[in-house]
Each structure stands twice: as structure tokens, then as C-alpha cells.
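Visitor: Chain residues, written in single-letter form:
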Amino acid sequence: MPFFERIQKLDRRVMYVLLALVMMIPMLRPFQMPTVVTAQVQGVYDAVEAIEPDQIAILSGDWGAGTIAESMPQTEALMRHLFRRDIRFAILPFAPQTATLMQQTAERLAKEPEFKGKAYGKDWVNWGWKAVPMFAFLKSMAKNVPGTVVQDYQGKPIESFAAMSGVKTIRDIGFVAHITPIGNLSIWIAFIQSVYRTPLAYAPTAVMVAQGYDPLDAKQIVGMLPGLVGGAQYEVLLKQPGNGLRWSNSLSFADLLMVGLIALANIGYFASKREGSRKG
Amino acid sequence: MSSITAILGDPVLMNRIIIWVGAIGTLAVYSFLYRENVVYRLVEHFYLGLAVGYGMFLVVTQILLPKWWVPMWDKGMWWWAFALVVGSMFYFIYSKKHNWISRLVFGMIMGLTAGSLFQDFAGTNFPKIAASLKALIPHAAYELPLTAQKALGTATPYRELTWAGAINNLIFIFVLVTVMSYFFFSFDYAKHRKMSQFAQVGRWMLMFALGAMFGATVMARMSLLIGRLWFLLHDWLRIAQM
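Protein chains in written order, with my numbering: chain S, 156 to 435; chain R, 87 to 328.
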């Protein structure tokens, strides 16, 4: 069988193995590929830089273990930036797994030498998963934060935490980032941003990125971290390479392989067609 | 028995066991890529059972107990008992004679949802309509007159619009109008050839957008694989370092 025909009949399982092997290379042999920071990521960074010292930030989310490769680098980068700026933040999970995963991320960062002294309750607080409709929670929280949140993820009264001192309404919140694999950004926009003009950032998984461009254009969000690449670009801005950059290298390798295979298959298709017409 | 207690009491050992279970589960699920097999089916059923059990556990521990039972039983908020009555009304949907009872609560929920969706729609989409009206002529930065500032509720000065920005806006308006014309069905396109060509351009623009969205979807799927590969190489085999 000629080479180009064989290429077209390549077993899909061979491609799967190739894909896995190619993606493993940057994980086993880390290296730095050039990463360009886009305006949308810079927008999120600038919004975090603009938070007033007496304000609190909210890191809202509803991601789980399934999207860890995209949502975790985004969360980690945002938390790292907030820690560096000494801005208190609240974890606001809209899914049960998110409460645990975001808490673990904050605890892991707090153990790093750079963030010595950062502690739960003082520098961040976890509001815990609230089993209520998101719009109802946001509407109520905007007017009365402690009365809506009531207790943290461990059941302790929310007002007992130093991180919550002076936080009464949405006016005390200087920044919100919504880290999500699903399309519910509009709830934050409709019930908070459009009413109170709170700076809102969007950190979706790559599959949801398209939903972010029109609010970005309409200035309803200050910026966006598009999937894993968004987390990687934020790491560049923080000058702190981490899993975002490492994993985005794997993504680039996978993309290169796929583009290569598509090109090869097309060349094979046209070559065999030409061969067929020559034979008559 | 004592050995089980020892394992449960050793967090490091427990962590390793959890990682091994995760790794075997991951490999079993990916074995489907080779072909349909018993191991994959078995793990799939485990997963479904776990997900249902986890969901029920959450409903009981995070909702029913703290939000309903404890306030009603321990804190004397007896009126929470009515929640049981209202909740039970849903089940009248199965009665041919009394299903009107279920409609009362369904109607209430639909009303609540419709009300919130209206605010959702208005708050999300109206600003986008306003943002679609873009300037096409380059200009220097300027401040609005005081009367206009009051009317618009903003004192933010208008930023400079460069030639590049104006071209960008022109492309935006062109794509917007062509795509909208594609969805305009009041024309007989067979009679209006120019309009038909315009709509065809809109169709091409849509194809570009859908292609970009599909590319983003592929990237998201690859990211899922990255998450699992990292788990296998870093947490399980420990051959990838942070």
C-alpha cells in the first residue's frame, strides 16, 4: 500500500497513543515556550491591581475535578496575585467540589515561603457551598453580605473572621472573578455588574470562551482568562511559572500534532486522488 | 480489623490508596479508546453509583438537615413543616384526578424563574446592544458636556479613536449586519439577489465563528486529558515534578 494511502487509513488508536506521548513531553522535560499576554488577560491583572486595600475580592466558581487542568491554574494565579497585594478574598463556591478544591489551592499557596504568615480567616475566607439558586444568592448578598453568607464552609459564623471585617454590602467588594466551566456568567452580569458596576472578570474553560467575547466588547467584564492559556498568561504577568505554563506547552504540542495529522491526511487524500486519475 | 483501623489512621497510606484507585479508574475509562470492554463498563457503573450516592449525601447533609430539619426540630421553627406540604404537592403530577395541585407549585416556580430571567436578559443583553453602536470616524479624546454627563450618568471622558480602532469597528459593524441579514426571513431572497449575496457573506462569517468555537472546544477536551495525564505522571507514577 502506498505511503499516502496508509496515512489515510492510520488506526485512530495509534493517533491516541501519539497524542498522549506528545503531551507528556513538556510534563517530563519542562521548558519555556514563548507566551504572549493578550489584552483580555492584562485587563484582569489591571483590575486586581486597582483593588483598594480596604476592599475584599470574591473568587466565585463552580468547577470540579474534571476541569482541574484549566480552572486550577486560573484560580492559583488569581490567588497568588491577591496574596501578593495583601488583598483579602472570599471563596464563593456554587458547587460542592469547588469549595474543597479552592480551599486546598489557597492552603497550598499559603505554605509557600513567599506567603509566610498568610492564614485562613485573616487573609481569606471560604463562604462554603450554598445550596440556593445563584441569582437569589447574588441579589441578597449585594445588599447584605453577612446576613446572606451567615457561616463559612465549616459552619463558623462569618462575622467572626478578620477577613470579613467591614464587609457589609457589594460596595465593599472591589473585584469579582468567576471561574467556571459552565455558561452562567450572565447571572453575575445581570444581578451584580449591570446594577452595581462591580469589576467582574471571567475565567472560563476553553469550550466556554466564545461566551466571553461579547460581554468583553460591551465592557461588562474587565477581562478574561481563556482556559488553560489564560492561566499561563497570568503566570507570565506574575513572573511565576507554574502548571499553567507547563500544561499550555502540552496543549501547544497537541495542537501541533493535530494540525500536522490533518495536513498529512489532506496531502494523502489529494495525492491518492491524483494517482487514481493518472491510472485512469 | 486492627489492620484496617491502622490503614484508616495513616493519612499517607490512605492518600496512596486513593491515588491508586484514581489511577486504575482513569486507565479503565481510557481503555474504551482501545475498544468497548468489561473493565470500562464496570468502572462506568461504579462511577454512576458513586455520583448518585454523593448527590444524595449532599442533599441530606447540606440541604435537608441544616436548612430544614435542624431549624424545624431543634430551633422551634415549626413553620418549616409547611415546606414538606409544598414539596409533596409536586407528586400529585402522578394523579389524574388531582394533578391540578402540582400545577400550583409548578406555576409558582415558573413565575419566579420567568421574573428572574427577564432581569437576566435585560441586564445582560441591553448593554450589548448599546455597545454595538460603534463610532466609525477617528477622533481625539474629549469630555462630554455637563448636560450629557448628567443624562448618561457618567463623567468618563471619551477615549481617542485611532484609525486602527475605526477600521476594527467597521469590521465589527460589517459582520454584525451581514450575520443579522442571514437571519432575516421576511425577504424573498430569490427576488432580491443583492440581499441574498449579503446574507451569504453573513453565513461565511458564522462559519468562521463556529470554526473558532470548535477549535476552542478541542482545546478544552485536550485540557481534560492534560489533567488526567498529570495525575498519572505526577501523583501516581511520580515521574513528573512540579
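Treat the hints with care, since some could be wrong.
[Stated by the list, open to error] Straight line, CA to CA, 30 Å or less: simulated DSBU-like cross-link-like pairs of lysine-lysine: (1) R:236 with S:323; (2) R:220 with S:285; (3) R:220 with S:311; (4) R:183 with S:294; (5) R:153 with S:298; (6) S:374 with R:220.
I should point out that these hints are in silico values taken from the structure, not numbers from a laboratory.
Visitor: Please write out, lowest number first, the hints stated earlier that are contradicted by the structure.
Guide: 2, 3, 4
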